[in-house]
Amino acid sequence: MGKEIVINPVTRIEGHAKITIHLDDDAAVKEARFHVTDFRGFEKFCEGRPFYEMPNITARSCGICPVSHLLASAKACDAIVGVNAPKTAVMLRRLIHDGQMIQSNALNLFHLSFPDLLLGMDADPAERNIFGLIAKQPDLARQGIRLRKFGQELIEKVAGKRVHSADWIMPGGAKWPLSKENADYLRGNLPEAMDITLKTLALFKKCLAEFAEEVQNFGNFPTYYLGLVTAKGGLELYDGNIRVVDAGGKIVADQLDPARYYEYIGEAVEPWSYMKFPYYKPLGYPEGVYRVGPLARLNVASHCDTPLANEELKEFKKLGKNGVVQSTFLYHYARLVEILFCIEKAKLLLDDPEILSERVSAKAFVNNYEGVGVAEAPRGTLIHHYKVDPRGMMTWANMIIATEHNNLAFNKAITQVAKKYVKSKQLNEGMLNRVEAVIRAFDPCLSCATHAVGQMALDVQLIDAEGKLVDRKTR
Amino acid sequence: MSNSTVTLKIDGVEITVPEGTMILKAATDNGIRIPTLCALEGLSNSGGCRLCLVEIAGSPKLFAACITPVSSGMVVTTNSERLKEYRKMTVQLLLSERTHVCSVCVANDHCELQSLANELGVDHVMFERKWTDYKIDSTHDFLVIDRNRCILCTRCIRVCDEIEGAHTLDLKMRGKDTQVIMDLDNNWGVSCSCTSCRKCAKVCPVGAIYVEEEPLARTKHKEIAEFLLARRRR
Chain A
1 MGKEIVINPV TRIEGHAKIT IHLDDDAAVK EARFHVTDFR GFEKFCEGRP FYEMPNITAR
61 SCGICPVSHL LASAKACDAI VGVNAPKTAV MLRRLIHDGQ MIQSNALNLF HLSFPDLLLG
121 MDADPAERNI FGLIAKQPDL ARQGIRLRKF GQELIEKVAG KRVHSADWIM PGGAKWPLSK
181 ENADYLRGNL PEAMDITLKT LALFKKCLAE FAEEVQNFGN FPTYYLGLVT AKGGLELYDG
241 NIRVVDAGGK IVADQLDPAR YYEYIGEAVE PWSYMKFPYY KPLGYPEGVY RVGPLARLNV
301 ASHCDTPLAN EELKEFKKLG KNGVVQSTFL YHYARLVEIL FCIEKAKLLL DDPEILSERV
361 SAKAFVNNYE GVGVAEAPRG TLIHHYKVDP RGMMTWANMI IATEHNNLAF NKAITQVAKK
421 YVKSKQLNEG MLNRVEAVIR AFDPCLSCAT HAVGQMALDV QLIDAEGKLV DRKTR
Chain B
1 MSNSTVTLKI DGVEITVPEG TMILKAATDN GIRIPTLCAL EGLSNSGGCR LCLVEIAGSP
61 KLFAACITPV SSGMVVTTNS ERLKEYRKMT VQLLLSERTH VCSVCVANDH CELQSLANEL
121 GVDHVMFERK WTDYKIDSTH DFLVIDRNRC ILCTRCIRVC DEIEGAHTLD LKMRGKDTQV
181 IMDLDNNWGV SCSCTSCRKC AKVCPVGAIY VEEEPLARTK HKEIAEFLLA RRRR
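For the record, the sequence lines run as chains A and B. Note that the first sequence covers residues 1 to 475 in the working numbering. Note that the second sequence covers residues 1 to 234 in the working numbering.
Just so you know, the hints here were simulated from the structure itself, not pulled from any lab data. Don't be surprised by glycine CBs; every beta carbon is placed ideally from N, CA and C. Watch out, some of these pointers could steer you wrong.
Only some residues are given here: those of chain A computed to face chain B with a beta carbon under 10 Å [what the hints assert, rightly or not]:
#, residue
1, Gly-172
2, Lys-276
3, Pro-282
Okay, the calculated bits of chain A under chain B, using three or more residues with CB under 8 Å as the criterion [as the list claims (entries may be wrong)]:
#, region
4, 46-53
5, 391-399
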């Protein structure tokens, strides 16, 4: 048995995971596997519950992006009752979704990832966290907290609560309108959020050159990309249809109906992980690797509907070939562009007088026995698919969570990092940091993805060609 | 009820009430709050929830205040440490007996069991939970019963019988398996006696009976029994 070295738990990934690195006969890295070790069973225990409880139940799979679950679930419920939510309800849903996107992306960037990027990958783990960032760069840390607060307040002022605002949403719309007072408050806070985002973008672009090695080696490999786009191919987060592009930037499928996701997305299962392995059906398994999330969304989108984000998108796309950026490291950059897009969108929504309309719900009961709801969660395309009996009791549920789509890509990414940094039969701290950082760049939400609960613990095992454990590190 | 009165002490306060008054009413009318779940003004008392247990000097037994009449010279304690402990335990037993998950319940923030648990400081349940899996009956056009959330207070049964006069609801089975049923244990949707008056949903202290898609805050109206009785007397 190899020795076990325990490192202080400095963990900034959501969930519970284990990584095994498999060596070949020459002790070179053959493959690395990302195992997710918890199980929650949402799809099963939802059975028998009334469909209108689903937004509330499924939102509980995650405390970071409950809004995305609320929306995907509410859209599936809209499909079951067979009504279109009134225009204002859709605007308000989009508004809280913008808030969700801003707060979640800000959380990943400032609280989880900037400590690596601004304090250095090899900095002392005890300081490489948000507190270290506050000590070293207090203004930046404060701005990050302010920006996240703005996103959270967008949700709170519209839907009543920052986290799990499930009382507000309902099949066919929302339960209450936005007050003028709250709209004014949010409008008043927009300029500060915009200012912070633009400053952070400038800072990020400035230090991008320092990370040339990471950009090159952090999950920099060709895959397909999948995400929602508008009818004209623009960046879309709440509605729209699915577009798939390949690594060369060619659109391989466009305007696919998200409600028929099962025609082009398959779900494979491996015995060593509770997280399923979605794959793009035309390519088969396991070749059908595709990525979702901020990077993928910017890769599939031809443009942004808002001026500032559109300029940033153009600049971002220059980092890749034919507008497709491959490096997982650049998810961080994509996150910032998306925050900008969401702030611009939120401004447009808040400036539209119709946002204050009191007609926010359409009432109906079960008219269809099946419904699919799809939205772009911060981490990627989120799919909720329900079947109900004539009285609206759930008989079947399937959820494909954003993080799951990236599962095949995770394995590819950590294999790449392991090949680059595992040089002997021993694991070292620098290698561990980089494996962790590459996973963090994806910003996985493992609790959501397995619909599982647990505390993040990273357990990396090095396994030789005979299957023997040669080294192991946990944190 | 005769015109004569009785004087007793509740929590050290001397109180005079008409003979035959229950301790709960004597206390409530004099500003002394005793926690309850099954008792409801306007309905008969059933003494089922055991939350209104009080101590009476001279007896080692505990008495349910809602069904124990006052007597002259009685000395009642409503809030000793022992009673607090028993009440906490009773709430925990209620929570453990079925499937109570506040976060996803329609009654969240509008639930008498939840607020009582908060008030009594019940922050965990020491008993193993049963996690019942009774099928929800949503066959009625808009009324739903989720027996997994039922605490068997029987308010719905009493309001249906005593105020609406329909007696659609009743109980079957015994002990922890007791369930509220409609007619002779039919689906609600085929009940021939139910008038769809919603009173059961209005008085349900938890999220067991509710009106589909209607916020509980709007449905709940537990004063309905007292209100209707007063109207009838006019």
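Comparing the hints with the structure gives:
1. Gly-172: 9 Å, holds
2. Lys-276: Violated. Min distance 24 Å.
3. Pro-282: Check failed: Cβ of Pro-282 (chain A) comes no nearer than 38 Å to chain B, outside 10 Å.
4. 46-53: Coverage by chain B holds for the region 46-53 of chain A (5 residues, Cβ < 8 Å).
5. 391-399: holds (count 3)
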